[in-house]
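Residue numbers (my numbering), protein chains in the order written: chain V, 3 to 113; chain X, 4 to 113.
Calculated directly from the structure, the hints in this document are not laboratory data.
Mixed in with the good hints, there may be bad ones.
In silico DSS-like pairs for lysine-lysine, Cα to Cα no more than 27 angstroms straight-line [stated by the list, open to error]:
(1) V:K7 / V:K56
(2) V:K58 / X:K60
(3) X:K34 / V:K7
(4) V:K56 / V:K105
(5) X:K60 / X:K34
(6) V:K7 / V:K73
(7) V:K56 / V:K70
(8) V:K58 / V:K105
(9) V:K105 / V:K7
(10) V:K58 / V:K73
(11) V:K105 / X:K20
(12) X:K20 / V:K7
(13) V:K7 / V:K70
(14) X:K60 / X:K20
(15) X:K34 / V:K56
Pulled a few chain X residues facing chain V out of the computed Cβ check, cut under 10 angstroms [said to hold, decoys possible]:
(16) K20
(17) K21
(18) E25
(19) Y36
(20) Y51
(21) G54
(22) S64
(23) L81
(24) A95
Each residue gets a CB set at the ideal place from its N, CA and C atoms; glycine is no exception.
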Amino acid sequence: DQQVKQNSPSLSVQEGRISILNCDYTNSMFDYFLWYKKYPAEGPTFLISISSIKDKNEDGRFTVFLNKSAKHLSLHIVPSQPGDSAVYFCAASEAGTALIFGKGTTLSVSS
Amino acid sequence: EADIYQTPRYLVIGTGKKITLECSQTMGHDKMYWYQQDPGMELHLIHYSYGVNSTEKGDLSSESTVSRIRTEHFPLTLESARPSHTSQYLCASSDTYGYTFGSGTRLTVV
Numbered sequence: 003d004q005q006v007k008q009n010s011p012s013l014s015v016q017e018g019r020i021s022i023l024n025c026d027y028t029n030s031m032f033d034y035f036l037w038y039k040k041y042p043a044e045g046p047t048f049l050i051s052i053s054s055i056k057d058k059n060e061d062g063r064f065t066v067f068l069n070k071s072a073k074h075l076s077l078h079i080v081p082s083q084p085g086d087s088a089v090y091f092c093a094a095s096e097a098g099t100a101l102i103f104g105k106g107t108t109l110s111v112s113s
Numbered sequence: 004e005a006d007i008y009q010t011p012r013y014l015v016i017g018t019g020k021k022i023t024l025e026c027s028q029t030m031g032h033d034k035m036y037w038y039q040q041d042p043g044m045e046l047h048l049i050h051y052s053y054g055v056n057s058t059e060k061g062d063l064s065s066e067s068t069v070s071r072i073r074t075e076h077f078p079l080t081l082e083s084a085r086p087s088h089t090s091q092y093l094c095a096s097s098d099t100y101g102y103t104f105g106s107g108t109r110l111t112v113v
């Protein structure tokens, strides 16, 4: 059974608007969450992370929100740019063990 | 400049051949991982190592094997490649919570 779920396979957004990518998890012991961006035939690139002791982390255009009670996190990209078009993976870890990934959401930003 | 290197980037090989996918990192990380990923699917952990001479199988069953004789080197070997092994293989290393991925090897077995 999947421990990290990204239920939206794809998302289309216009340039300049906000992109919101969602992620749900089932393991309440996860204490660290990360978002990665990936292009085809490339390895994932780290975007932003959040510890379970926080509910928000911001880095430039990227903000991650964590709702522990709902076991839900989201990545906000504002403003969205065409160069943001890629597959975005949510990942979680428990006590420094190996990352568990979701299936990814393909973001398309049109100009 | 990449701190973790995977070779080859692309490989097309015939069924039954033995192959080794190379992964090296220059960061001195103790923890290293191999993930397998197919389009539209999550990255599946197939092997990991928390230090020299330590290797474990991941969540996804794999017919591959790994070795960790040196901190910086974590090669993955398939003794007899099959078409079902066609996939992208991603190597990563980590220091506490910081993961760095290589560019991956796209393997096609014909």
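Consistency of the hints with the structure:
1. V:K7 / V:K56: Between V:K7 and V:K56 the Cα gap is close to 20 angstroms, so the pair holds against 27 angstroms.
2. V:K58 / X:K60: This hinted pair is violated, its Cα atoms lying about 34 angstroms apart.
3. X:K34 / V:K7: Holds. X:K34 to V:K7 sits at ~25 angstroms (cutoff 27 angstroms).
4. V:K56 / V:K105: holds (24 angstroms)
5. X:K60 / X:K34: holds (14 angstroms)
6. V:K7 / V:K73: holds (11 angstroms)
7. V:K56 / V:K70: Roughly 9 angstroms separates the two Cα atoms, so the pair holds.
8. V:K58 / V:K105: holds (23 angstroms)
9. V:K105 / V:K7: holds (7 angstroms)
10. V:K58 / V:K73: holds (14 angstroms)
11. V:K105 / X:K20: violated (30 angstroms)
12. X:K20 / V:K7: violated (36 angstroms)
13. V:K7 / V:K70: holds (15 angstroms)
14. X:K60 / X:K20: holds (22 angstroms)
15. X:K34 / V:K56: holds (25 angstroms)
16. K20: X:K20 check fails; min Cβ-Cβ to chain V is 22 angstroms, beyond 10 angstroms.
17. K21: violated (24 angstroms)
18. E25: violated (14 angstroms)
19. Y36: At about 6 angstroms, which falls below the 10 angstroms cut-off, the nearest Cβ of chain V leaves the hint on X:Y36 intact, so it holds.
20. Y51: With a minimum Cβ separation of about 5 angstroms from chain V (threshold 10 angstroms), the hint on X:Y51 holds.
21. G54: violated (13 angstroms)
22. S64: Since the shortest Cβ distance to chain V is 15 angstroms, the answer is violated.
23. L81: violated (20 angstroms)
24. A95: holds (8 angstroms)
Hint check: violations occur at hints 2, 11, 12, 16, 17, 18, 21, 22 and 23; the rest are consistent with the structure.
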